[in-house]
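Q: Sequence:
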Amino acid sequence: GLHQLYYDPNIENKNLAQKWLMQAQVSPQAWQFCWALLSPDKVPEIQYFGASALHTKISRYWSDIPSNQYETLKTQLFSQIACFSSGSKMVLTRLCVALASLALNTMPEVWPGAVPEMVRVFQEEGGGVDGRARCLALLELLTVLPEEFQTSRMPQYRKGQVRGALGREWGSVCPLLQQLLRRGDSPGAVKARVLRCLSSWVLLDVPLSESEGLVEDCFTALPDPELFDSAVEAI
14 GLHQLYYDPN
24 IENKNLAQKW
34 LMQAQVSPQA
44 WQFCWALLSP
54 DKVPEIQYFG
64 ASALHTKISR
74 YWSDIPSNQY
84 ETLKTQLFSQ
94 IACFSSGSKM
104 VLTRLCVALA
114 SLALNTMPEV
124 WPGAVPEMVR
134 VFQEEGGGVD
144 GRARCLALLE
154 LLTVLPEEFQ
164 TSRMPQYRKG
174 QVRGALGREW
184 GSVCPLLQQL
194 LRRGDSPGAV
204 KARVLRCLSS
214 WVLLDVPLSE
224 SEGLVEDCFT
234 ALPDPELFDS
244 AVEAI
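Residue numbers 14 to 248, in our numbering, belong to the letters of the sequence shown in order.
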């Protein structure tokens, strides 16, 4: 089905494949095949489908997941994000969105310190992943978290709870972004991602009174051609 979707020139076959794949994504068996499709020997298009299927299951069928499996699912997603931090960007982003959805479904009761744990996991050495790749993966995760909140389908009362929880997490995010932006040895790609991350969190109406230093750093970044567009958007 995946090969037909991506490589078959026949439009009718593509449409049939897409319909079958959409049904497969929401089937109970999706939990099994998602992880298999993320295998390193698969092409990025197939890995992307596996990551997207995971996100679909977590974001739309959360109530189907037994609570005793939350921790395992979280650990598996952290592990896959680490694996893909040096791999396909599109697969990495989908995995980050899947973990963001899990965090939104479990905060603040089940996973109260989601953001500090994300920061801690990606700051730890190991796993054969270099520091820059880990840093970019963490920033991608922190960027998609507020974005996933904006598009989530949770009930209104729950949105209020989660928005409050995310607002409190800003206290962990802001110093990290400031530190990365001020470090002289931070690569341009990292600084650009920091500014994109800030833009994402600003949409949550986070208290900018706590972030004055970070806003000043955005103005400082304006003369840098590589960062200009991101800095303007953040400001």
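Calculated from the structure, these hints are not laboratory results.
All values derive from a computational prediction rather than experimental measurement.
Do not rely on the hints blindly, as some may be mistaken.
As the list claims (entries may be wrong) - Below, a list of computed lysine-lysine pairs in the DSSO-like style, where the Cα atoms sit at most 27 Å apart:
| id | residue 1 | residue 2 |
| --- | --- | --- |
| 1 | Lys102 | Lys55 |
| 2 | Lys87 | Lys102 |
| 3 | Lys172 | Lys87 |
| 4 | Lys55 | Lys87 |
Q: So which of those numbered hints doesn't the model satisfy?
A: No numbers; nothing is violated.
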